[in-house]
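Asker: Use the sequences and the hints to build the structure in full.
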Amino acid sequence: DAKTTQPPSMDCAEGRAANLPCNHSTISGNEYVYWYRQIHSQGPQYIIHGLKNNETNEMASLIITEDRKSSTLILPHATLRDTAVYYCIVRDPWGGSQGNLIFGKGTKLSVKP
Amino acid sequence: EAQVTQNPRYLITVTGKKLTVTCSQNMNHEYMSWYRQDPGLGLRQIYYSMNVEVTDKGDVPEGYKVSRKEKRNFPLILESPSPNQTSLYFCASRELQGSTEAFFGQGTRLTVV
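Chains as they are written, first to last, in the numbering used here: chain A, 1 to 113; chain B, 1 to 113.
Accuracy of the hints is not assured; some may be wrong.
The calculated lysine-lysine pairs, modelled on BS3-like cross-linking and capped at a C-alpha distance of 25 Å, are [stated by the list, open to error]:
# : chain 1 : residue 1 : chain 2 : residue 2
1 : B       : 57        : A       : 3
2 : B       : 71        : B       : 57
3 : B       : 18        : B       : 65
4 : B       : 57        : B       : 18
5 : A       : 105       : B       : 57
6 : A       : 3         : A       : 105
To be clear, the hints were calculated from the coordinates, so they are not data collected in a lab.
Please read all numbers here as calculations on a predicted model, not as lab measurements.
Answerer: Pasting the structure below:
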């Protein structure tokens, strides 16, 4: 079972920041937080990951709380092309089979004009 | 360009007729896996492989076989397809260890009638 909890859906106005929350209260010390998204029925696409520090790349920023029990993915200026299902996943990258990517239901983000 | 290639993209077949969905990656990744995606059930892992000649069952392996004779290829075999295997299938690959991203194929939409 997925170890994360996400809201099933969110709306965002085009050009505004989209903040997608994720709860992972049972995360262990070795587990990282990963975000992927799936646009329509395409293959999931990696966005960003982090352990405990905040991370930023060309696509998004990841804010992880100090206790690591929750995180927020931020798309700073959402566009219509960001409409997708966003998955928050925790995994241990050195855990062998325990490091498998287990997907939950994700958050369906709708960016509206 | 780093990529995971699945073939075919679309397939309609009849119950009981053996089929193979191919998956190939060009990144020299040790780890490869197969998922199926169904409405309301999300992405579920079928099989995974941590290296050549090493395969393991995921969450929904019944009715499927895989093989890993070469590092780059990880075919999914349905010996006797049934209508409940109608689904959208994704292949993925990543490095075995380390906090790196997974790459997904474009998907194969299979219909079994």
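Asker: Each hint needs a verdict: does it hold in this structure or not?
Answerer: Against the structure, the hints come out as follows:
1. 57/B <-> 3/A: Roughly 20 Å separates the two Cα atoms, so the pair holds.
2. 71/B <-> 57/B: holds, 18 Å
3. 18/B <-> 65/B: OK: residue 18/B and residue 65/B at ~11 Å, within 25 Å.
4. 57/B <-> 18/B: Answer holds: residue 57/B to residue 18/B is near 20 Å, not above 25 Å.
5. 105/A <-> 57/B: Measuring from Cα to Cα gives roughly 21 Å; hence the hint holds.
6. 3/A <-> 105/A: The given pair, whose Cα atoms are some 11 Å apart, holds under the 25 Å limit.
Checked against the numbered hints given earlier, the structure satisfies every one of them.
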